[in-house]
Amino acid sequence: MSTVAVFNKASPFDTLQRWLPKLVVAPSMLLILVGFYGYILWTFILSFTNSSFMPSYKWVGVQQYVRLLDNDRWWVASKNLVLFGGMFIAISLILGVFLAVLLDQRIRKEGFIRTIYLYPMALSMIVTGTAWKWLLNPGLGLDKMLRDWGWEGFRLDWLVDQERVVYCLVIAAVWQASGFVMAMFLAGLRGVDQSIIRAAQVDGASLPTIYLRIVLPSLRPVFFSAFMILAHISIKSFDLVAAMTAGGPGYSSDLPAMFMYSFTFSRGQMGIGSASAMLMLGAILTILVPYLYSELRNKRHD
Amino acid sequence: MTDSIAVSPMARPYGKTSFSFSRLAIYVTLFGAAAVYLVPLVVMLLTSFKSPDDIRTGNLLSWPQMIDGIGWIKAWDIVGGYFWNSVKITVPAVLISTFIGAMNGYVLSMWRFRGSQLFFGLLLFGCFLPFQTVLLPASFTLGKLGLANTTTGLVLIHVVYGMAFTTLFFRNFYVAIPDALVKAARLDGAGFFTIFGRILLPMSVPIIMVCLIWQFTQIWNDFLFGVVFASGDAQPITVALNNLVNTSTGAKEYNVDMAAAMIAGLPTLLVYIVAGKYFLRGLTAGAVKG
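Quick note, the sequences are listed as chains A and B, same order.
Just so it is clear: in the first sequence, position 244 is 244 by the working numbering, and no numbers are missing.
Counting the second sequence from 1 gives a position; the working numbering is that position plus 302.
The reader is advised that the hints may include incorrect statements.
Quick list of in silico lysine-lysine cross-link-like pairs, DSBU-like style, CA-CA up to 30 Å [said to hold, decoys possible]:
no., chain 1, residue 1, chain 2, residue 2
1, A, 144, B, 376
2, A, 236, B, 485
3, B, 376, B, 390
4, A, 236, A, 79
5, A, 22, B, 376
6, A, 236, B, 390
7, B, 446, A, 144
8, B, 390, B, 579
No lab work stands behind these hints: they were computed from the structure.
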């Protein structure tokens with residue numbers, strides 16, 4: 001009798017306890033399934049329709065992709081992405097590693113210097129873009145300043161130069177992200193076993209050799225992570241272009257994210273816009289999949 | 303000299319002397335680089351306090367002939383309302399997404415069930431998702447819900463698309479805690495929420511800080527969602543700033559532009575200065591996986 005009573009009393013509570021964790025994550029799970037995967041599928045479907053100003057579900061096959069690949073502006077945006085991404089990643093990595101190695105030499109005021117290198121990362125790309133647009137202003141920015149300071153022949157008008165405007169984006173993006181790369185490598189350097197370095201020094205190796213041959217190669221995982229993040233930032237870069245150049249002059253500084261926005265939301269070409277979004281997803285996946293694969297493989301080896 | 307090295311060999315592993323030409327070069331490089339990193343901020347501040355004439359006659363780093371606050375006053379007139387929009391969007395979105403992240407992370411680390419790993423994997427991908435692939439359907443949905451062009455709509459969007467990171471933060475933090483602790487409490491009859499409230503929450507302060515600061519910076523600095531989902535009265539400060547800077551009507555008032563940029567940048571800058579430690583930890587924690 002009493003056991004039955006206990007059983008009855010405990011049962012609903014136990015059942016609730018068993019279901020509670022699932023109940024708690026259920027809303028999130030639903031949101032993820034709909035808001036991430038359902039929406040990607042939806043965009044995927046839209047990219048095969050003739051949607052223009054309004055969504056339409058008239059199937060047109062790969063026509064939007066064909067139109068996209070025929071579009072000169074898309075090619076400009078893609079080439080810009082390769083150029084911008086390549087330079088942005090390379091320069092940020094070199095600068096970040098260089099500053100991290102210097103900062104790792106038991107520097108006084110290290111915390112203070114580090115804080116200065118990293119602060120741009122706290123700012124919005126819109127603020128960064130606004131600031132650099134002003135600094136690179138032809139006629140009033142650095143252009144004028146260096147002439148005022150006595151460098152008579154100095155000209156800096158890249159912002160209105162179709163051929164060079166992408167470099168302006170690179171400068172601003174490097175300013176924003178290189179301090180972050182520095183911080184990642186500095187954290188990595190702090191994890192390097194000091195006795196290896198001392199042993200190499202005893203063997204007569206010079207400090208630059210030690211760093212290039214021993215220390216930096218051991219930071220391969222940090223290189224991969226930093227590369228991933230920087231590549232990710234460049235593919236998603238939208239705000240910086242919007243604030244600094246709005247894609248101009250003409251569309252010479254367009255990036256895919258900017259292309260997608262303007263075709264989808266300003267020019268009423270949802271079909272092409274969706275197709276470009278899918279290609280962006282493809283670009284992310286081609287760098288993400290090998291990365292996750294190597295990450296998981298490393299985990300298994302540990 | 304030799305004594306100090308003998309006593310603590312770790313004190314100076316690389317150089318044998320405390321002063322040398324190369325160390326001087328290192329310091330000069332480091333401080334020089336710091337000065338370069340500071341230039342844009344200094345220029346923004348100087349320009350924001352100059353008069354338009356002063357801007358045309360002086361140069362970027364010239365000191366204002368007279369400190370002129372008109373740029374700040376005009377800027378606040380233009381973007382002040384949108385500053386409050388950003389506050390209205392950021393505060394609830396940060397709190398809600400952090401709470402959801404904590405709950406999800408707790409379940410995914412301490413109450414695993416069949417399929418929870420799959421859920422985590424699906425969520426993780428959200429950290430890498432290019433938002434361009436969800437913008438259109440999300441804007442249709444907000445329209446259907448009657449939330450298009452509202453700050454509430456943006457709160458909802460930021461909660462959904464911020465969940466991946468907040469869950470990741472808490473899950474990775476709780477995974478490191480021995481689950482024997484939770485098992486013991488469960489044997490003692492403590493329930494789901496009791497264990498969370500009594501055992502995990504009190505030790506979660508660091509990760510809560512990391513998560514709050516990460517979300518605050520992300521949401522305050524967001525431009526893409528703001529420009530797509532909110533126009534007119536509901537737009538956040540980043541969108542308002544961009545509109546101000548990129549309008550081509552009338553003479554450009556660079557002092558106003560720079561003051562507005564400072565207004566948009568100050569909140570995150572202050573958070574960074576006050577809580578930089580957590581900011582960096584969030585960046586690297588988010589970074590390793592995102």
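Holds or violated: residue 446 (chain B) with residue 144 (chain A), Cα cutoff 30 Å? violated (52 Å)
Keeping to a limit of 30 Å between CA atoms, is the pair of residue 390 (chain B) and residue 579 (chain B) held or broken? holds (26 Å)
Hey, residue 144 (chain A) versus residue 376 (chain B), does the alpha-carbon distance stay inside 30 Å? Holds, at about 26 Å.
Taking 30 Å as the top limit, are the C-alpha atoms of residue 236 (chain A) and residue 485 (chain B) close enough? Between residue 236 (chain A) and residue 485 (chain B) the Cα gap is close to 43 Å, so the pair fails against 30 Å, i.e. violated.
Given the hint that residue 236 (chain A) pairs with residue 390 (chain B), test it: the Cα-Cα distance must not exceed 30 Å. The hint holds at about 26 Å.
Could you grab the alpha-carbon distance between residue 376 (chain B) and residue 390 (chain B) and see if it respects the 30 Å cut-off? holds (22 Å)
Does residue 79 (chain A) lie within 30 Å of residue 236 (chain A) when you go C-alpha to C-alpha? Holds - the C-alpha atoms of residue 79 (chain A) and residue 236 (chain A) are around 15 Å apart, at most 30 Å.
Between residue 22 (chain A) and residue 376 (chain B), does the CA-CA distance stay at or below 30 Å? violated (52 Å)
Figure legend: structure checked against the earlier numbered hints; hints not met, in rising order: 2, 5, 7.
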